Amino acid sequence: MEYEAVIGLETHVQLKTRSKMWCGCANQFGAPPNTHVCPVCLGLPGVLPVANEEALRLTVLTGMLLHCDIPRYAKFDRKNYFYPDVAKNYQITQYDKPSTIGGYVDFEFNGGISRVRITRAHLEEDVAKNFHFERTSGVDFNRAGVPLMEVVSEPDITSADMAYEYLNALKDILVYGGVSDCDMEKGMVRCDVNVSVRPKGTTELGAKIEIKNMNSFSGVRKALEYEIPRQIEVVSRGGKLIQSTRRWDDVAGITEEMRTKEYAHDYRYFPEPDLMPFTPTDEWLADISRRVVELPLARKQRLMQDYQLPAPDAQTFVWDKPLGNYFEGIAKTAKNPKAIANWVINNLRAKLGESQTTLADLKFAPAAVAELVELIDSGKISGKIAQEVFSDMFSTGEAPGKIVERKGLAQVSDTGAIEALCDQAIAANPGPAADFRAGKAAALNFLKGQVMKLSKGKANPALAGEILERKLKA
Amino acid sequence: MLNQLTLTELVERLEDRQVSSCAVTQDCLDQIKRVDSELHAFLSCDSEDALAQAKAADQAMTAGVTHREKPLLGVPVAIKDIIAVRNQPMSCGSRILHDYLSPYDATVISRLRAAGAVVFGRLNMDEFAMGSSNENSAFGPVRNPWDTTRIPGGSSGGSAAAVVADECIASLGSDTGGSVRQPAALCGCVGLKPSYGRVSRYGLVAYASSLDQVGCCAKRVRDAAVLLEALSGMDPRDSTTVPQPVPHYTSALTGEIKGLRIGLPKEYMVGGLDAEVETAIKAAVKQFAKLGATVVDVSLPHTDYAIATYYIIATAEASANLARFDGIRYGLRVEGSDPAELYSRTRGDGFGVEVKRRIILGTYVLSSGYYDAYYLRAQKVRTLIRSDFLKAFEQVDAILTPTTPTPAFRIGEKTGDPLQMYLSDIFTISANLAGICGISLPCGFTRDPKLPIGLQLQGKPFAEETILRLAHAYEQSTTWHKERPRIGERK
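Protein chains in written order, with my numbering: chain B, 1 to 474; chain Z, 1 to 491.
These aren't lab readings, by the way, just hints derived from the structure by calculation. Quantities reported herein were computed from a predicted structural model and do not represent experimental measurements. Please note: incorrect hints may appear among the correct ones.
Claimed, not checked - Straight-line C-alpha distance at most 30 Å; calculated BS3-like pairs for lysine-lysine:
hint, chain 1, residue 1, chain 2, residue 2
1, B, Lys-380, B, Lys-471
2, Z, Lys-380, B, Lys-97
3, B, Lys-75, Z, Lys-391
4, B, Lys-380, B, Lys-351
5, Z, Lys-380, B, Lys-75
6, Z, Lys-266, Z, Lys-380
Unchecked claim - Pairwise CB distance ranges (calculated):
hint, chain 1, residue 1, chain 2, residue 2, range
7, B, Ile-254, Z, Glu-341, 23 to 31 Å
8, B, Glu-294, Z, Asp-338, 50 to 58 Å
9, B, Met-276, Z, Ser-367, 20 to 28 Å
10, Z, Ser-368, B, Met-276, 22 to 30 Å
11, B, Pro-33, Z, Pro-243, 33 to 41 Å
12, Z, Arg-329, B, Met-276, 24 to 32 Å
13, B, Asn-130, Z, Val-65, 44 to 52 Å
14, B, Gly-187, Z, Ser-368, 28 to 36 Å
15, B, Thr-358, Z, Ser-367, 50 to 58 Å
16, B, Ile-254, Z, Ser-367, 31 to 39 Å
17, Z, Val-65, B, Met-276, 33 to 41 Å
18, B, Met-276, Z, Gln-18, 43 to 51 Å
19, Z, Glu-394, B, Met-276, 19 to 27 Å
20, Z, Pro-243, B, Tyr-81, 30 to 38 Å
Stated by the list, open to error - Per the computed footprint, the stretches of chain B lying under chain Z, defined by three or more beta-carbons under 8 Å from a beta-carbon of chain Z, are:
hint, stretch
21, 41-54
22, 72-83
23, 86-99
24, 265-275
We treat Cβ as the ideally placed atom computed from N, Cα and C, and that holds for glycine.
Full structure from sequences and hints, please.
As structure tokens, this is what we get:
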């Protein structure tokens, strides 16, 4: 029997706010332990939470980016459990009235477009981080109370690869919208997986198994690559899977059982009495909708269509949004956007990397790139000369036309001048000339190279070839 | 004996420079020394800090700061041990907080300081404000100043007793189901519970967040009005405060109550009401009529459900609110081999019986499978109770009831029967469920032993002016408030 996997993802994303969810402490990664803390995020006796409005806005913005409904009534709830990483021993989250419900993410997968439906994106608080030392443990509350959004997908994912692509697409959208920096290394994105298997073609869901502790998207993929065959094997041997939570061990590359359903927490959710229900107004929502940006996939498709870019170039401009914006700024009015894309991706990006500078540091105006491409396209300079011109304009900011003029780099298309150079080359290289006459066509390239050398690269290479051929055949 | 002055009298004298804040603060501290071993209203008192604040207040007055700018300048106000005061201990009447010092001031404390008050003392209370008799204090109960074999009421027993015994000029308490009004009635002072959202809860250790409100005990209605004005207003640190403007409450105290309508809820004249209390209340009703108020009957049909509703909602919220006391970061810690054992040992040793009872009850009513039957149902009934009151307030300006069904009972009398104990809050508990305001003030005494009787006036949300006006007019036309217990006189 053939089996298929049914996968749903719960993705936790730290929101890009200046301060924490309930207090004014900085939302900042990497500070010494317990330096961004106050009575509120330490959960000291007597404190109250006050909701960070920007976090609410970013959650609703996410809802808009993921095509969700934005209910006109949302509230916070307390999720009760005892653990040292949550100072109050309850986490404030949104249980049955989240800020957004019912959307989807479209993304490229397997050569087509796949869609994963989104159940909800809700807002909660991140918890502190526990550290275990030799004989003691410590808790760092810098992360406690950082705004955390949980994006819950429907179980629409069917493979480890699809899960991986979905996560990347989601991340791209959130980075695009300015919702989160999604820096995995700083723990800004964390993901729990729910996976079950069933005979292909059936609709009933198998026992749901949750996997925790993956700290990268490839970790998610690896965990699923391990877990799906494991479940299929159990089931196909006639075994029974039970609802449980498993932990991914990245080093060993296996999942291990943490707890089964009978030990599942009863979180005793109830409405958070310290916060008022949230009822967004038209005006408030309209303000947020002005922050909605073009989604990465839409951008890619548009760049391909509007500028005839090949997919990899368009994708480059999706991933590197500032570079893409820079490109569009030039390409909108240019005759040859494809060539501009080439220069921006292959030359400009490389130079920026080499010199460790950014677009903001550029000494030349964007129009200079268009001018350079024009110089090539009109035959004024060769592609090779253009490299030199670009190098100069990058370091000095001088306009390409001026550089060509000042350095006398304009391509020589004067037949007389080139003929003289051809005669010189043939005379100096009797061997290759004889070879060509004997029918060795490749010898022409050598001679052409000599002409280019004599002209210091300025000779029109096509013209040089023509003249050489004529002279040798004569 | 400057400590015997009312807040209003003290302010007049401070303004005239007849007395100093240092002198009155010293007199309060002396009185504590004299009577508190018997009364046990204070868990601790930082005399040095109090006198330093008093000195600063005196210097401010010398420098020309007036009581118009700082209405409580130099007035010693004592604080229930559940309200955070920076660098002062806070135990909430519990062992579990051990040697905890608050690193910050509650908003009400900041406001008192801004108004110039001398903020001092940690007043005894039922553990985490759970109780009606003060017998749930982990450090032993406060005693009633009128009869030290009796309870002072709770949970703000220390707040009421300290005011009545002249250990302070006024005090702050907290009222979740009657915890300010009930002890005020049983000790014989004024106790005010503002409407929910009127006063910030930031820094008030939460018992039941949707019911808790900071209140005050004072010797006179006018004193309570002055305090309320200082405490009230929107607080950016408490999302449940309301941006309603704060009236000049003392301006409402005109003595004129003609035309105001007072409702008597027929459901409140129930069995179990002490005969002397009933007589005193009836006399008070007559007095109000004599002063020109119109007295009518009203109905609050869901009254019978108030106690059950309260004990579901309050305990549910408490079960989460008290979860933070776990031995990990502050307070008592009893070590264990893993976090779970550390938690259960710490909480097992640290919490008292009543607190445990309520945590377990609250945990139960929120449990999966029971939530709808208990918590959700209780929230619906709460809405009905609130609408009972709002409907009644369409007909009347205030609702008059006894504050408590009986006068102060003996220590130990009801400790064996929690339900009987819960019933002592029967008249006060609804106000918290409805979010309305209430005030208790003296309206008589039992004959033998002589124990205070309190009457309660409840008003619409944010209609504190109305109940203060009525209470003040009644107070000024009677002499009950002038009676003093004899505590400390023998010595």
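Hints, one by one, checked against the model:
Between Lys-380 of chain B and Lys-471 of chain B the alpha-carbon distance is near 25 Å, which keeps this suggested pair within the 30 Å criterion. Note on Lys-380 of chain Z and Lys-97 of chain B: the hinted pairing holds, with a Cα-Cα distance of about 18 Å set against a maximum of 30 Å. Under the criterion of a C-alpha separation no larger than 30 Å, the hint pairing Lys-75 of chain B with Lys-391 of chain Z is consistent with the structure, at around 28 Å. Proposed proximity of Lys-380 of chain B and Lys-351 of chain B is supported: the alpha carbons are some 24 Å apart, at most 30 Å.
Under the criterion of a C-alpha separation no larger than 30 Å, the hint pairing Lys-380 of chain Z with Lys-75 of chain B is consistent with the structure, at around 17 Å. Between Lys-266 of chain Z and Lys-380 of chain Z, the direct Cα distance comes to roughly 23 Å. Compliance with the 30 Å bound is thereby established for this hinted pair. Hint check: Ile-254 of chain B to Glu-341 of chain Z, Cβ distance near 30 Å, so the stated range 23 to 31 Å holds. At about 51 Å, the CB distance of Glu-294 of chain B to Asp-338 of chain Z agrees with the hint of 50 to 58 Å.
The supplied range of 20 to 28 Å is met by Met-276 of chain B and Ser-367 of chain Z, whose beta-carbon atoms lie about 26 Å from each other. Ser-368 of chain Z and Met-276 of chain B have their C-beta atoms about 26 Å apart, which keeps the hinted 22 to 30 Å range intact. In this structure, Pro-33 of chain B and Pro-243 of chain Z meet the distance hint of 33 to 41 Å, their C-beta atoms being roughly 38 Å apart. Checking the proposed 24 to 32 Å range against Arg-329 of chain Z and Met-276 of chain B shows it holds: the Cβ atoms sit about 28 Å from each other.
Between Asn-130 of chain B and Val-65 of chain Z the beta carbon distance is about 50 Å. The supplied range of 44 to 52 Å therefore holds. In this structure the supplied range 28 to 36 Å holds for Gly-187 of chain B paired with Ser-368 of chain Z, their Cβ-Cβ distance being about 31 Å. The supplied range of 50 to 58 Å is met by Thr-358 of chain B and Ser-367 of chain Z, whose beta-carbon atoms lie about 56 Å from each other. For the pair Ile-254 of chain B and Ser-367 of chain Z, the beta carbons lie near 35 Å from each other, so the given range of 31 to 39 Å is met.
For the pair Val-65 of chain Z and Met-276 of chain B, the supplied restraint of 33 to 41 Å holds, since their beta-carbon distance comes to about 37 Å. In this structure the hint that Met-276 of chain B and Gln-18 of chain Z lie 43 to 51 Å apart at CB holds, the actual value being about 47 Å. Checked against the given bound of 19 to 27 Å, the beta carbons of Glu-394 of chain Z and Met-276 of chain B, roughly 26 Å apart, stay inside it. At roughly 35 Å, the beta carbons of Pro-243 of chain Z and Tyr-81 of chain B sit within the given window of 30 to 38 Å.
Using a Cβ-Cβ cut-off of 8 Å, 10 residues of the stretch 41-54 of chain B lie near chain Z, which meets the minimum of three, so the contact claim holds. Here the stretch 72-83 of chain B counts 4 residues with a CB under 8 Å from a CB of chain Z, which clears the bar of 3, and the coverage holds. Here's how the stretch 86-99 of chain B fares: 4 of its residues keep a CB closer than 8 Å to some CB of chain Z, so the rule of at least three is met and the hint holds. Closer than 8 Å: that is the beta-carbon criterion, and the stretch 265-275 of chain B has 7 residues meeting it against chain Z, so the requirement of 3 holds.
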